[in-house]
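Engineer: Below, each chain spelled out in residue letters.
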Amino acid sequence: MFGTAIAASGLRKAYKDTTVLDGIDLDVRAGTIFSLLGPNGAGKTTTVNVLTTLLTPDAGRAVVAGHDVATETRAVRRAIGVTGQFAAVDGLLTGAENLLMTARLLRLPKEEGRQVTRRLLDRFDIADAAGKPAATYSGGMRRRLDLAMTLVSKPQIIFLDEPTTGLDPRSRLTLWAIVRELVADGVTIFLTTQYLEEADKLADRVAVLDHGRIVAEGTPAELKRRVPGSHIRLRFRDQRELDAGAAVLPGATRDDEALSLHVPGDGGMRTYRALLARLDEHAVEVEEMSLHTPDLDDVFLALTGKASDTTDANDTVDVVDANDQAGPHDSDDTNTAVTA
Amino acid sequence: MSAMTASLADFSTMLQRNFRHTLRNPTALFNAVLFPIVMMLMFVHVFGGSFDVGGVDYIDYATPGVIMMTIGYGVSATAIAVQSDMATGIINRFRVMDVSPSAVLVAHVVASMLRSLASIVFIVLIALAMGFRPDASPLQWLGVLGTVLLALFAVGWLTVALGLGARTPENAGFAVVPLMMLPFLSNAFVETGNMGAGARQFAEYQPFSPITETLRGLLAGDPSASPAIQAAAWCVGLALFGYLRARAKFTKRA
Numbered sequence: 001m002f003g004t005a006i007a008a009s010g011l012r013k014a015y016k017d018t019t020v021l022d023g024i025d026l027d028v029r030a031g032t033i034f035s036l037l038g039p040n041g042a043g044k045t046t047t048v049n050v051l052t053t054l055l056t057p058d059a060g061r062a063v064v065a066g067h068d069v070a071t072e073t074r075a076v077r078r079a080i081g082v083t084g085q086f087a088a089v090d091g092l093l094t095g096a097e098n099l100l101m102t103a104r105l106l107r108l109p110k111e112e113g114r115q116v117t118r119r120l121l122d123r124f125d126i127a128d129a130a131g132k133p134a135a136t137y138s139g140g141m142r143r144r145l146d147l148a149m150t151l152v153s154k155p156q157i158i159f160l161d162e163p164t165t166g167l168d169p170r171s172r173l174t175l176w177a178i179v180r181e182l183v184a185d186g187v188t189i190f191l192t193t194q195y196l197e198e199a200d201k202l203a204d205r206v207a208v209l210d211h212g213r214i215v216a217e218g219t220p221a222e223l224k225r226r227v228p229g230s231h232i233r234l235r236f237r238d239q240r241e242l243d244a245g246a247a248v249l250p251g252a253t254r255d256d257e258a259l260s261l262h263v264p265g266d267g268g269m270r271t272y273r274a275l276l277a278r279l280d281e282h283a284v285e286v287e288e289m290s291l292h293t294p295d296l297d298d299v300f301l302a303l304t305g306k307a308s309d310t311t312d313a314n315d316t317v318d319v320v321d322a323n324d325q326a327g328p329h330d331s332d333d334t335n336t337a338v339t340a
Numbered sequence: 001m002s003a004m005t006a007s008l009a010d011f012s013t014m015l016q017r018n019f020r021h022t023l024r025n026p027t028a029l030f031n032a033v034l035f036p037i038v039m040m041l042m043f044v045h046v047f048g049g050s051f052d053v054g055g056v057d058y059i060d061y062a063t064p065g066v067i068m069m070t071i072g073y074g075v076s077a078t079a080i081a082v083q084s085d086m087a088t089g090i091i092n093r094f095r096v097m098d099v100s101p102s103a104v105l106v107a108h109v110v111a112s113m114l115r116s117l118a119s120i121v122f123i124v125l126i127a128l129a130m131g132f133r134p135d136a137s138p139l140q141w142l143g144v145l146g147t148v149l150l151a152l153f154a155v156g157w158l159t160v161a162l163g164l165g166a167r168t169p170e171n172a173g174f175a176v177v178p179l180m181m182l183p184f185l186s187n188a189f190v191e192t193g194n195m196g197a198g199a200r201q202f203a204e205y206q207p208f209s210p211i212t213e214t215l216r217g218l219l220a221g222d223p224s225a226s227p228a229i230q231a232a233a234w235c236v237g238l239a240l241f242g243y244l245r246a247r248a249k250f251t252k253r254a
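Residue numbers (the numbering used here), protein chains in the order written: chain C, 1 to 340; chain B, 1 to 254.
Calculated directly from the structure, the hints in this document are not laboratory data.
The structure presented is a predicted model; accordingly, all values stated were derived computationally and were not measured.
From the three backbone atoms N, C-alpha and C, an ideal C-beta is built for every residue, glycine too.
It is possible that part of the hints are untrue.
Each computed DSS-like pair below joins lysine-lysine, with the alpha-carbon atoms no more than 25 Å apart [unchecked claim]:
#, chain 1, residue 1, chain 2, residue 2
1, B, 252, C, 16
2, C, 224, C, 201
3, C, 154, B, 252
4, C, 110, C, 154
Partial list, derived from the structure: chain B residues whose beta carbon lies under 7 Å from chain C [as the list claims (entries may be wrong)]:
#, residue
5, 22
6, 23
7, 89
8, 90
9, 100
Using the sequences and the hints, build the whole thing.
Structural biologist: See the structure below:
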């Protein structure tokens, strides 16, 4: 499959005085994963609702699987599958019944419906709980069942609206693996997420959505190139040590509140060694040392204005600080901490 | 497949789903039957002796009222089911799958009607055991069935509309409270002539009174046309109102 799977231009939507979508343009290649990244309230779900024919935009045009969402609703619906933000499974029905119901609504012949159900239950590892009501499932299982129901119709394009929100890390990994498998089968994935790591790991292209506008678009690598480079962060025990460190390292930016210095650098072993040697030489005690490489968090925070609004040297510092506040992503993958 | 048969197929799938819901959630059904039975015992054995209802046995007077109360009580489960369909996102799944909206809503109405009808049959059997002695001919029994179904249809659409308008399950449960209260402010358990000013006028002009009166006449083997016409007019009007509200809400919300 090649060519455009989803194309949108100038999508606008407002509720009373609140503008939710403020002119969205999209171009998603078939057979790729496209991720729409944004904080809560950015307009992600609204975008999905417009592209999946559930909502009529006030202005703009969207073509999905070659069909106009406004005029060829049926054709669009036949080509797509949607797994929404809230698991759209019937809690009182069992997993198998949910799938069979979906097959019936798609008017698959009875036997085919049964086969599809069996296959999907196996594939998504819910066969053991197939006879239990979906309400008793764990969050991860419910999402898998939800996705399985979406796949009954063998859609060419699948919309996943925050598929991993609220899932534990393990369930998230399982879902990621499933998404990758789907793309390998030639399906196009339109994924919304508020997790930068998710977009970074999965997506071929990422668009950053903020206040109903796309503020940046590109491959994860392209977006990362947009923020200042890596730096090493040194934390000191007290003000005196910080002063001493700052005197020794004139190129560093200091943060008095956090008792830390940020030294531009790539974090290679040689840089580390040179830095430590210099500090040793002047008998400066370092409490903790960590390497910070830019990830999508930085891009995101820089672009959505939650971090600094300037691009001078201070920017780097601000981005790092904001990143610390962002919490769980910090220091897991991209930051290497060395405690002195 | 034509649009009509497609809708019918969707409808039967949806109805099956709603039946399963009822069977898996027996508490709702139990509540819908239990309360009217308790009220019937209270009215017949506790209060009934003190009520003057024009010389007939009180249980014969009150049973049609209890039937109306059962109708009013059966709806909260439906309102909550409709609300939860809208809230959990399953309705969006159905819409993206091109399931006709009428199939979803009609299935709720029909499931609600059948559920209440089963409760009513049960209640009438209990009433018979307690000494209820109707004098209706087979044709009049058919009339009773028809009146009950018409009332259930009207109340069903009204309930679906209320459920669609509710944002939370609590709201949905609360929205149908007036339907539960209507029997008490009607001629269901006492004659309206003895009510205070205001209450009497309300009781005389609200929909449940002529419906109760129609059932009472049919069950006593002595139907009269005037309440029946009023009852039919109310039911048709309420059903239409509920249906139009439900359609509008559905299109707007989903």
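Engineer: Hint by hint, where does the structure go against what was stated? Just the numbers, ascending.
Structural biologist: The structure breaks hints 3, 5, 6 and 9; every other hint is satisfied.
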